[in-house]
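The sequence shown runs 1 to 149 under full-length UniProt numbering.
Don't read these hints as lab results, they were simulated from the structure.
Note that the structure is a prediction, hence the values are computed from the model and not measured.
Just to be clear, a hint being listed does not mean it is correct.
[Unchecked claim] Capping the alpha-carbon separation at 20 angstroms, the derived lysine to any residue pairs in SDA-like fashion look like this:
#, residue 1, residue 2
1, Lys141, Glu129
2, Lys110, Arg133
3, Lys110, Glu129
4, Lys141, Leu131
5, Lys29, Gly44
6, Lys76, Val89
7, Lys42, Tyr32
8, Lys110, Arg91
9, Lys76, Ile98
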Amino acid sequence: MTRSFQKIETGLQNELQSSEKSYSKPDFKVGYANPPKHSQFKKGHSGNPRGRKRRSENTNVLLLEDLAELIEVREKNGTTRRITRRHAVIRALVNDAILGRPHARQLLIKVLDIQPSPEAFTPTKDDEELLQRFLEDGQKKSDEPSDQE
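Let the sequences and hints guide you as you build the complete structure.
Next up, the structure:
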């Protein structure tokens, strides 16, 4: 039994020596940001051949572009008129609400609530004084004779 044990031991020693030779240090450092030479990109070949993915277009921008397109609409009297799709959608919504369709009425009310109504301008005392001075200056200039005459 001692002979077979010696054979195994010498075989293991030979194997260790041969593996040490194959795993000897390479000529360059391998590690973080330094991949092995065989796995590096070859010259002339990109690591990202198709490039970056295109950015998807904004849905709001696409919708606004489509709504801005002109279409032809036939009026009741038979004439055709070109209006934007936005205008056509609003006309259809108003017509549906007039016909008594409840969903159209609710949507129309929501749209009207969202849109701020313009408030009437009420001038303050400062605004009135400024306007009065402006008018007086204008009258003074019109009373003066011009140099061109």
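So, going through the hints one by one against the coordinates:
no.	hint	result
1	Lys141 / Glu129	19 angstroms, holds
2	Lys110 / Arg133	45 angstroms, violated
3	Lys110 / Glu129	41 angstroms, violated
4	Lys141 / Leu131	16 angstroms, holds
5	Lys29 / Gly44	23 angstroms, violated
6	Lys76 / Val89	17 angstroms, holds
7	Lys42 / Tyr32	19 angstroms, holds
8	Lys110 / Arg91	16 angstroms, holds
9	Lys76 / Ile98	16 angstroms, holds
Violated hints for the displayed structure, listed by number in ascending order: 2, 3, 5.
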